[in-house]
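Participant: Each chain, written out:
Number of protein chains: 2
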Amino acid sequence: MPTLYDCGASGNCYKVRLLLAQLELPCERVEVDIFTGESRTPEHLARNPAGRTPVLVTDEGVPIAESGAILLYLARGTAMLPGDAVDQARVAQWLFFEQNLLEPNVGTGRFWRLTGRAGANPGAYRRFREAGAAALEVVERRAAESPFLAGEAYTVADVAVYGYAHVAGDCDLDMAAYPALDAWLRRVQATPRFVNDLAPYPPHAAQRPL
Amino acid sequence: MPTLYDCGASGNCYKVRLLLAQLELPCERVEVDIFTGESRTPEHLARNPAGRTPVLVTDEGVPIAESGAILLYLARGTAMLPGDAVDQARVAQWLFFEQNLLEPNVGTGRFWRLTGRAGANPGAYRRFREAGAAALEVVERRAAESPFLAGEAYTVADVAVYGYAHVAGDCDLDMAAYPALDAWLRRVQATPRFVNDLAPYPPHAAQRPL
Numbered sequence: 001m002p003t004l005y006d007c008g009a010s011g012n013c014y015k016v017r018l019l020l021a022q023l024e025l026p027c028e029r030v031e032v033d034i035f036t037g038e039s040r041t042p043e044h045l046a047r048n049p050a051g052r053t054p055v056l057v058t059d060e061g062v063p064i065a066e067s068g069a070i071l072l073y074l075a076r077g078t079a080m081l082p083g084d085a086v087d088q089a090r091v092a093q094w095l096f097f098e099q100n101l102l103e104p105n106v107g108t109g110r111f112w113r114l115t116g117r118a119g120a121n122p123g124a125y126r127r128f129r130e131a132g133a134a135a136l137e138v139v140e141r142r143a144a145e146s147p148f149l150a151g152e153a154y155t156v157a158d159v160a161v162y163g164y165a166h167v168a169g170d171c172d173l174d175m176a177a178y179p180a181l182d183a184w185l186r187r188v189q190a191t192p193r194f195v196n197d198l199a200p201y202p203p204h205a206a207q208r209p210l
Numbered sequence: 211m212p213t214l215y216d217c218g219a220s221g222n223c224y225k226v227r228l229l230l231a232q233l234e235l236p237c238e239r240v241e242v243d244i245f246t247g248e249s250r251t252p253e254h255l256a257r258n259p260a261g262r263t264p265v266l267v268t269d270e271g272v273p274i275a276e277s278g279a280i281l282l283y284l285a286r287g288t289a290m291l292p293g294d295a296v297d298q299a300r301v302a303q304w305l306f307f308e309q310n311l312l313e314p315n316v317g318t319g320r321f322w323r324l325t326g327r328a329g330a331n332p333g334a335y336r337r338f339r340e341a342g343a344a345a346l347e348v349v350e351r352r353a354a355e356s357p358f359l360a361g362e363a364y365t366v367a368d369v370a371v372y373g374y375a376h377v378a379g380d381c382d383l384d385m386a387a388y389p390a391l392d393a394w395l396r397r398v399q400a401t402p403r404f405v406n407d408l409a410p411y412p413p414h415a416a417q418r419p420l
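Note that the protein sequences, when read in sequence, are chains A and B.
Take the working numbering: the last position of the first sequence gets the number 210, and nothing is skipped along the way.
Take the working numbering: the last position of the second sequence gets the number 420, and nothing is skipped along the way.
What the hints contain is simulated information worked out from the structure, not anything from laboratory work.
Incorrect hints may have been included.
Claimed, not checked - Derived CB-CB ranges, DEER-like: (1) A:Ala-120 with B:Glu-362: 41 to 51 Å; (2) B:Gln-399 with A:Glu-28: 34 to 44 Å; (3) B:Thr-251 with A:Arg-126: 25 to 35 Å.
Cβ atoms here follow ideal geometry from the backbone N, Cα and C, with glycine treated the same way.
The whole structure should be built from the sequences, with the hints applied where relevant.
Facilitator: Written out as structure tokens, the structure is:
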């Protein structure tokens, strides 16, 4: 059985848990407290030189880091990732978009907001919000033309973007401005075996250095 | 023949050009001036709802956006991307790392520095540099233990990370602090058909809104 080095409050980890649930894949789960440095120990750095979660360790003991890489790996050969090379690339496109434009802005902005740092860094927080809004507009544009992000079928493109899009309101983004995105969020929530077990930040998350 | 919607001064586009050269893949190139809004026209938004370059349009006319997705697509079935699922995931891991930790910090910090905006936003520029340095430390750690990022062989993991790692000095990061990374940069430069055609920012790049 594979092992997921996981953090309950991490949207990146939640994506992996959602896919595992929807594919009904058994997996051992090890909680890593990223807020007290548990992802920066020598043991965890050997799993992932970037010192982050999630990391999936395969049955053969090989660690795979980065939520996008884990989603593509777990979804191969299932309905969540098309087999055709071009179709697969159009799924991967959304996973990269999410890690480059959505997560660094909405994810970081939300972390700052919920752990009480936004007020101390208003300029940076404003930039996170503006760039996060631009990322939501991209999803809005796509959701207005297609039921799911990569086309007619629900795939890991949707899982990846859902991870932070569904909590973007937490960093003072007005979700009412994105009606097609909102309808898409509800389509994702209606898929079989959908779960949302994203945990709140623990109180000590506010002490983690930025 | 595929078409690459390209920007000479973009590190993300340069990665694709480097891979095309090394795989000896013919491709038509269309320059998009991202600094005057050419990537935000209705025509380009139809290719990529995120309004960015690079976009590869396949022989069949299907657009693929995001440098990471394009690299994985073009490299499939070649020596630049292993066929085994776990090995492939360990390559993809570096592509996601690069788009999440390296490019948003080194790429944006470099753009700010070279277009004269760093001084006006010292706090934000300092954060880009600190997060960029943390990303370089990850590459340093990996380069100290492995000739190439995904293992013994040169792959698109190296192409992706090279794109911005080789110009990190442009945003006031001290490259002498990363000797293993430096040796890895030189191993990449020594690979067959290596090219570096990353263009300087044009003068009007300084006018683009942030």
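Participant: Compare the structure with the hints numbered earlier in the document and write down the numbers of the violated ones, lowest to highest.
Facilitator: none
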